[in-house]
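One letter stands for each residue in the lines below.
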Amino acid sequence: MSAAALQACALRKRYGPVAAIDGIDLAIPRGQFVALFGPNGAGKSTLLGMFATLVRPSSGSVRIHGEDPRQADRPALMRRIGVLSHETFLYDHLTGLENLVFYARLYGLPDPPGAAREALRAAGLEDRRSDQVRGYSRGMQQRLAIARALLHAPDILLLDEPFAGLDRDAADGLRDRLLTARRAGATCVLATHDFATALPVADRVVVLVSGRIAAERSARGLDEAAFDALLRSTTLDRPEAREAAR
Amino acid sequence: MSYLRAVGLVAAKDLKTELRSREQAVTLLFFALLVLVIFNFTFDFTVIDFVTLGAGILWVAFIFSGVLALAHSFQIEREQGRIRGILLAPIDRSAFYLGKVASTALFMAAVETVVVPVSVLMFNYRFGPRLLLAILVLVLNTVGFAAVGSLFAAMTTQTRKGEFLLPLLLFPAAVPIALAAVKTTSLVLAGRPFARYAPWLGLSAAYDAIFLAAAVLLFDFALEE
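Keeping their order, the protein sequence lines are chains A and B.
1 is the number of the first residue of the first sequence in our numbering; add one for each residue after it.
1001 is the number of the first residue of the second sequence in our numbering; add one for each residue after it.
Any given hint could be a false lead.
What the hints assert, rightly or not - Residues from chain B that face chain A, not an exhaustive set, calculated with beta carbons under 10 Å:
| id | residue |
| --- | --- |
| 1 | L1068 |
| 2 | Q1080 |
| 3 | R1192 |
| 4 | R1196 |
| 5 | A1198 |
| 6 | L1201 |
| 7 | L1223 |
| 8 | E1225 |
Treat the hints as calculated values from the structure; they're not laboratory data.
Just so it is clear, CB atoms sit at the ideal spot from N, CA and C, and this is done for glycine as well.
I would like the entire structure built from these sequences, with the hints used as guidance.
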């Protein structure tokens, strides 16, 4: 049996007295799209940070394609991971093309300018390639951020509130890109509050509360009422917590 | 991607960003020149020999410009999570550190390139045949300050009170390089024989080597949350 794309075993992360992640066991098979819900402070971003190797676990372990990132060939592993969040990672005073060429070079792509131009075309930003990013609208910046995250064709996508602040068109565009990545077999973990946006793309729903998995189930057949029932089954049964999780 | 190429990419990105925005250059330059002007009005250099105070004045300007350069450079990386974008890349994370050392040292060198000639005109002193030695002193100590500064700036950049913590951590650690810089510059300005300041130059070179090597080895741990 092939190893899970992402696996957390007895994972814990403490910041002083606070347990951000408090004993999570989770295996995400290759190609699965997981939507991660939970109120603010539930540990969603910390969990994604540990999968991205940016956050060191206090105890327990993370495995990426069966490998311990601390012992694996790190560059090879990082080439397989793409991260997208509400922060764009883009440099305001560089142009769209320069930003993508910079990241393409960091990822060691064979033809950085060519790869960057192709990504700009796919993002619909080719005609703005020579403009500095500070002149882009929020939606354009997020399209460029998506292009950056997908530039090296990662097979694991870690998405932290990527829909935050996007207008309807930009959100639709992002959803289309995620669906395309899913069809291409990428493994995705999407941390979000937005049930309506996440559900059409998700295979599985996981609810985090206080750093623990409070509920999880398949996204198949999950409508709003069933999602509410799922939240009620957790400690998120208080209306304000339920609202925050959604 | 080769290690040195990654270092060059980070440094080139910083320089290109700065050339475009010019946010930092103006602040650093005016700050350093303001230091010279303030000291020029504070002391009567017709009575006091510039050699007595000059090294201190110059290094106050250079070091505090360096702190501003570091704070600005890492603030850019903190905004929009850019530092995470680089740390996620398949490069050795210490290449990011060395890239930052290179760009910070170049920003400081740019300030020094303007401030030293201006100070020569303002305070009427000469390096004479010791100019190359003076350049060596500037290079060694600028690299040392950029090395220690980039390490602490990177460590504090992801913390909530990073801007507050940076000077608290940096200044005590920078004391040896600041002392060596002032002492060596002072002896060079006074035209003392090389043997008098060779130990201070050795201290600067050792400081550079130790901090660069330790930071390259420890940088991965320093940045992880």
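Using the nearest Cβ pair, does B/L1223 come within less than 10 Å of chain A?
9 Å, holds
Per-residue hint verdict: B/L1068, partner chain A, C-beta under 10 Å
B/L1068 check fails; min Cβ-Cβ to chain A is 18 Å, beyond 10 Å.
Closer than 10 Å between Cβ atoms is the bar; does B/R1196 clear it against chain A? Give me holds or violated.
46 Å, violated
Given B/R1192 as an interface hint, is its Cβ closer than 10 Å to any Cβ of chain A?
Violated, about 45 Å.
Does the CB of B/L1201 sit less than 10 Å away from some CB of chain A?
36 Å, violated
Using Cβ atoms only, decide whether B/Q1080 comes closer than 10 Å to chain A, and label the hint accordingly.
5 Å, holds
So, as I understand it, the hint says B/E1225 touches chain A; can you test that by seeing if any CB pair is closer than 10 Å?
Check passed: Cβ of B/E1225 comes within 5 Å of chain A, closer than 10 Å.
Should the hint that B/A1198 touches chain A count as held when the rule is a Cβ pair under 10 Å?
Status violated, d = 41 Å.
Hints 1, 3, 4, 5 and 6 from the list above are not met by this structure, while the remaining hints are.
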